[in-house]
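**Q** So you can see what is in the structure, the chains are spelled out below.
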Amino acid sequence: MPSMPERTETSVVVSPEQRPNSWGFGDGQAIPWEYAPAPEARDIVTLKERYGLFIGGRSVPAAGGATFTSIDPSTERPLADVAKASDVDVDKAVRAARRAQRRSWGQLSGRERAKYLFRISRILQERAREFAVLESMDSGKPIKESRDVDVPLAANHFWYYAGWADKLDYAFPGRVAKPLGVAAQIIPWNFPLLMLAWKIAPALAAGNTVILKPASTTPLSALLFADVCVQADLPPGTVNIVTGPGEIGMHLATHADVDKVAFTGSTEIGKKIGRGVAGSDKALTLELGGKAANIVFDDAPLDQAVEGIVNGIYFNQGEVCCAGSRLLVQESIAETLIDKLKDRLSTIRVGDPLDKNTDVGAINSKAQLEKITELVASGVAEGAELYQPACDLPERGYFFRPTLFTNVAQSHRIAREEIFGPVLSVLTFRTPDEAVEKANNTRYGLSAGVWTDKGSRILEMVSRMQAGVVWANTFNKFDPTSPFGGYKESGFGREGGMHGLHAYVRLEDR
Amino acid sequence: MAGTNGRNGRNGADSRIEVRKTYKLYIGGAFPRSESGRSYLVSTADGAPLANAVRSSRKDVRDAVRAAHGAFPGWSGKTAMNRGQVLYRVAELMEGRRDQFVSEVAAAEGLREARATEVVDRAIDRWVWYAGWADKITQILGSANPVAAPYFNFTIPEPTGIVGIVAPETSSLLGLVSRLAPPIVAGNTVVLLTSETRPLPAITLTEVLATSDVPGGVVNVLTGRKKELVPVLAAHEDVDGLDVWGVPDDLRVEVEQLAADDIKRLSRRPRGTADARFDWLDDRAAERPEWIAAFLEMKTVWHPIGV
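Residue numbers (this note's numbering), protein chains in the order written: chain A, 1 to 510; chain B, 1 to 307.
One should not assume that every hint holds.
Label pairs and their in silico Cβ distance ranges [stated by the list, open to error]:
1. B:253 to A:385: 47 to 53 Å
2. A:383 to B:32: 45 to 51 Å
3. B:33 to A:245: 51 to 57 Å
4. B:59 to A:455: 43 to 49 Å
5. A:454 to B:62: 38 to 44 Å
Stretch by stretch, here's where chain B covers chain A in the computed footprint (C-beta under 8 Å, at least three residues) [what the hints assert, rightly or not]:
6. 259-272
7. 466-476
Think of the hints as simulated: they come from the structure by calculation, not from any bench. Just so you know, even glycine gets a beta-carbon here, dropped at the ideal spot from N, CA and C.
All chains, full assembly: derive it from the sequences and hints.
**A** Structure (structure tokens):
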């Protein structure tokens, strides 16, 4: 595929007077030293030429034999062919899940379910590097993150919910928790394995069986997970994985024999799914988009805040629903903070996801790169001031420079729309009231950040911000024990913690 | 309403003409008529005319939502204990009007007096049960989370915001109280559409609310045609959650689709439950902390330890 023409257009040459005051990392424009390549070996992953669907415990081709190709977004080269499911295959997967729920998985005691989930967690730990490398190849995320965040958190998630499987009575005092039945689960491409774990672990712990549909650009770690299910001797049909386009996701969500729908993805699709299940008795949880405000007060520890801001928006290329994409800085420190940020941006290493030094990897797909490019162009057109460090991008693959906009108005598209890319919009405020008003001035409400040394102010801001997760003096932290999910149009229901179980049970009188 | 005062019979020389009540709406703590000037005739369960109830309009729904919106910061900002005391006060004042509620429920639902008394008593007790939850639900639903890193991490429930309630059609008072108390004890403010065919006990309840310490706008009550009003409520973008218990079956798909357009939280009847057959006198079935949780948002907070 040809490389993106937009790339040269978005690379902005910054004039000397626009450069930040350096504190020693290279004049804000170029890293003054070279990093030797530190590639992670790919040979731990044995890619199959062709992957089937995982239905009833076996890998099967799609009914018509159709396939699609999953590519490595950092090289644009094909990785493998994957079965392209149709509605017929989805129906088959739902039947397999129903059968397992009635006859095998649904009949097991919590104690036995727990042991299977512990097994899965252990196998993920044992095969951690294989998963990390495959995840980075298929999604474009830096190996540093897949290795240290995605895969260990996924394993921990199974571990955490394993222990709940035989303790459900203690999670819902005075109630008996029964499984809902068959769960349809649709996940996005930004954290493929981790989102799989967030969906499957609590569902199985509560005694449900599942049909999981991974995103069409990142199916491979889910299909490798199918192998883990086989290794763990999980009863066939307990976990089913169907790969293919978005339409089969809608067919799955609205299938008459599905009791529960869990979706993570865009607010737009979330609304369609909500309409699709309207009037049915299906239980629904949605984890949707975000446009988080990250608020920095004048008494914040600035250097820590800079690290938190960078982690907040450039982690996983900014392809994070809870990314801190709107930086709200108190006016008195805005100049200093922006200088420090620009300087820090110059040390971010963009490139090969499999290189252990890489901070920002490849954008997940051509379509996503185009969306980011278009929104960044709108920021420039609407009058915001663009800043990008002068870093070299690889010749091939979908890459985008870490981007920072100053002079952003609340009405700008880059301050309102979820970009899902490494693009930070900086706004300023004078008083805490103004910060709260700007932070909440969005249809989203997934996450927020606040940076200040004053404890009482943290608690005040925490209680006034309409967001499901608030990070105080930190950002983008996740843990299986910690409930995650949105306010307002960022969705409803929680994943993680005791609260995550609630999405997969029906409560009855004792 | 049919005269119950019978000192000397209807036509006696010193007979007294009863003062009848005009049933109005309850919006923002006031008792307006509909801006539309419309009404509809309400009858007893066996068909005798009872009174004219207000047939609210779309504009009334919008006014009620605005009132609920205005009341939200104050109500959600009260201490939990204070909210509990306010709801308990509703029970106190209902107790004082017990006989009135008994005769109204008996007329509306066609119940014998003993049964109607049981229903009213249970409605009063239900306020007491939910009032007690105000300062406990956070401890039941909240959590301190042992994350695997040096952070203090906790989760607390907060009210969702403005909740629309489509009240049960059959149980005009007990069912309504059972659906109304949970969202407001949580700190939400409410726009409630009463039973279409049995709206009168709900209006009498608003007279109790107005004279208890429930601030104006926390509960707003409309009567009228569900077909006309429910879609307006479901589509209103300032309504954050919707209790669809009393939505007629033929409206349910449309209403839930409208609610999906801005990701409203829905609270539905338990699977397989029919409104007309639900036993509101069964405390185990009708008193549920989950119904409070239906309109609570969980907020998780992280803070580093040691740096």
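**Q** Determine for every hint whether it applies to the structure shown.
**A** Each hint tested on the structure:
| no. | hint | in the structure |
| --- | --- | --- |
| 1 | B:253 to A:385: 47 to 53 Å | holds (48 Å) |
| 2 | A:383 to B:32: 45 to 51 Å | holds (47 Å) |
| 3 | B:33 to A:245: 51 to 57 Å | holds (55 Å) |
| 4 | B:59 to A:455: 43 to 49 Å | holds (47 Å) |
| 5 | A:454 to B:62: 38 to 44 Å | holds (41 Å) |
| 6 | 259-272 | holds (count 3) |
| 7 | 466-476 | holds (count 8) |
Hint violations for this structure: none, all hints satisfied.
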